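Note that the protein sequences, when read in sequence, are chains A and B. Per the numbering used here, residue 102 is the first one in the first sequence, and the count goes up by one each step. Per the numbering used here, residue 102 is the first one in the second sequence, and the count goes up by one each step.
No lab work stands behind these hints, which were simulated from the structure alone. Any given hint could turn out to be false.
Since copy identity is lost for identical chains, a pair holds within one copy or between any two.
[Unchecked claim] Quick list of in silico lysine-lysine cross-link-like pairs, DSS-like style, CA-CA up to 25 Å:
1. Lys152 x Lys124
2. Lys216 x Lys137
3. Lys124 x Lys137
4. Lys267 x Lys202
5. Lys262 x Lys154
6. Lys267 x Lys297
7. Lys113 x Lys124
8. Lys154 x Lys124
9. Lys202 x Lys297
It should be emphasised that the depicted structure is a prediction, and the values quoted were computed from it without experimental measurement.
There are 2 protein chains.
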Amino acid sequence: MRYAEPINNLIKAITRLPGIGEKTATRLALFILNSKEGYVEELSNCLKAVKEKVALCSECMTFSDADPCGICNDPGRDPSAVCVVSDYRDMMALESMGGYKGRYHILHGSLAPLKGIGPDELRIDELIRRVEAGAVREVILATGFDSEGEATSAYLARLLKPYGLKLTRIASGIPVGSFIEYMDGATLGRAMEGRKEVS
Amino acid sequence: MRYAEPINNLIKAITRLPGIGEKTATRLALFILNSKEGYVEELSNCLKAVKEKVALCSECMTFSDADPCGICNDPGRDPSAVCVVSDYRDMMALESMGGYKGRYHILHGSLAPLKGIGPDELRIDELIRRVEAGAVREVILATGFDSEGEATSAYLARLLKPYGLKLTRIASGIPVGSFIEYMDGATLGRAMEGRKEVS
Numbered sequence: 102m103r104y105a106e107p108i109n110n111l112i113k114a115i116t117r118l119p120g121i122g123e124k125t126a127t128r129l130a131l132f133i134l135n136s137k138e139g140y141v142e143e144l145s146n147c148l149k150a151v152k153e154k155v156a157l158c159s160e161c162m163t164f165s166d167a168d169p170c171g172i173c174n175d176p177g178r179d180p181s182a183v184c185v186v187s188d189y190r191d192m193m194a195l196e197s198m199g200g201y202k203g204r205y206h207i208l209h210g211s212l213a214p215l216k217g218i219g220p221d222e223l224r225i226d227e228l229i230r231r232v233e234a235g236a237v238r239e240v241i242l243a244t245g246f247d248s249e250g251e252a253t254s255a256y257l258a259r260l261l262k263p264y265g266l267k268l269t270r271i272a273s274g275i276p277v278g279s280f281i282e283y284m285d286g287a288t289l290g291r292a293m294e295g296r297k298e299v300s
Numbered sequence: 102m103r104y105a106e107p108i109n110n111l112i113k114a115i116t117r118l119p120g121i122g123e124k125t126a127t128r129l130a131l132f133i134l135n136s137k138e139g140y141v142e143e144l145s146n147c148l149k150a151v152k153e154k155v156a157l158c159s160e161c162m163t164f165s166d167a168d169p170c171g172i173c174n175d176p177g178r179d180p181s182a183v184c185v186v187s188d189y190r191d192m193m194a195l196e197s198m199g200g201y202k203g204r205y206h207i208l209h210g211s212l213a214p215l216k217g218i219g220p221d222e223l224r225i226d227e228l229i230r231r232v233e234a235g236a237v238r239e240v241i242l243a244t245g246f247d248s249e250g251e252a253t254s255a256y257l258a259r260l261l262k263p264y265g266l267k268l269t270r271i272a273s274g275i276p277v278g279s280f281i282e283y284m285d286g287a288t289l290g291r292a293m294e295g296r297k298e299v300s
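Here chain A stands alone, though its shape is the one from the complex (with noise of 0.2 Å):
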């Protein structure tokens, strides 16, 4: 015995969703049936609210419902400095520490080329074209610390090297909160590398 036709069309429609396994799909399912008057509804519009109001800003290729984004469109951010970031998350992580004072760019993934992702799949260009607009001053390159993410630092490094203008890699070292004992020689090697007279 299956489960009943719509049921089962849902749990494969869930199953679709990233580390969502079919016993969790059929949970959710499961719940989604028993749910109160006006869930599903709600659920719905809100998903398609999501594809049909949120695109990318035109400048920074952040997903937002305005364009440009309240980022490219705060005056009190510096246009010259421009952190560019993996993902749309980055980009929130660096936002909720609250310092930074720049804009953004979001490449929206990094080179991976067994994956099939390369220069092309990126929004690589799009960067590129703000640069040569001529406002920027620095790049700071905001990829994560593992290896696809410091493969595409690299290649953007090599590719705006020639603009002439500051380029920066955010640093790599020990957590704050983290013991000495437990970290790898990796970032011990970084963290001794990166060190910085006491002043």
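Chain A is fixed; fit chain B onto it per the hints.
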């Protein structure tokens, strides 16, 4: 800075699903934002279809897109045996076993006074009505062996006793493939108690 309003709304709606926290909801929302054209529509349609087309079978209270459901409508299934389960998924698990040829009754929950779930919250009246209709000769109590399932089973046993039908409880013991040494005392006690003569 916060996520754009439509993204935020979607995250909030997803967070209401069971077992999904804000981090996972955010990941799913961003996946949906990035998803191919058509996925959102498919998901929305499945969500609506499941609520519109699936209802409870008026006989056994299972979720079904037909009334009576496939099992209650199957002349090959014995109407005199009714296996009582707490949940639709319990029925599906028993069905996947394949050997049972009777029918079911889904309670849609277990007695849990501390959670405010009393007999009135379960589909017990419907079970009594089926028993009173006269065709049922055996009620198999197949609620779980956790405290709520046991309480539900005990409650139903008391309630059904006056009808003079055969009342059975599925066996408790050591699961197939398990090692004795890893079993808890309660299970071992049950297994001892329920021992059978070897032919």
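Verification of the hints:
{"no.": "1", "hint": "Lys152 x Lys124", "result": "between (27 Å within a copy, 20 Å between copies)"}
{"no.": "2", "hint": "Lys216 x Lys137", "result": "between (41 Å within a copy, 18 Å between copies)"}
{"no.": "3", "hint": "Lys124 x Lys137", "result": "both (22 Å within a copy, 24 Å between copies)"}
{"no.": "4", "hint": "Lys267 x Lys202", "result": "within (17 Å within a copy, 76 Å between copies)"}
{"no.": "5", "hint": "Lys262 x Lys154", "result": "neither (37 Å within a copy, 60 Å between copies)"}
{"no.": "6", "hint": "Lys267 x Lys297", "result": "within (20 Å within a copy, 82 Å between copies)"}
{"no.": "7", "hint": "Lys113 x Lys124", "result": "both (11 Å within a copy, 22 Å between copies)"}
{"no.": "8", "hint": "Lys154 x Lys124", "result": "between (32 Å within a copy, 22 Å between copies)"}
{"no.": "9", "hint": "Lys202 x Lys297", "result": "within (24 Å within a copy, 76 Å between copies)"}
In this structure, only the earlier hint numbered 5 is contradicted, and the remaining ones agree with it.
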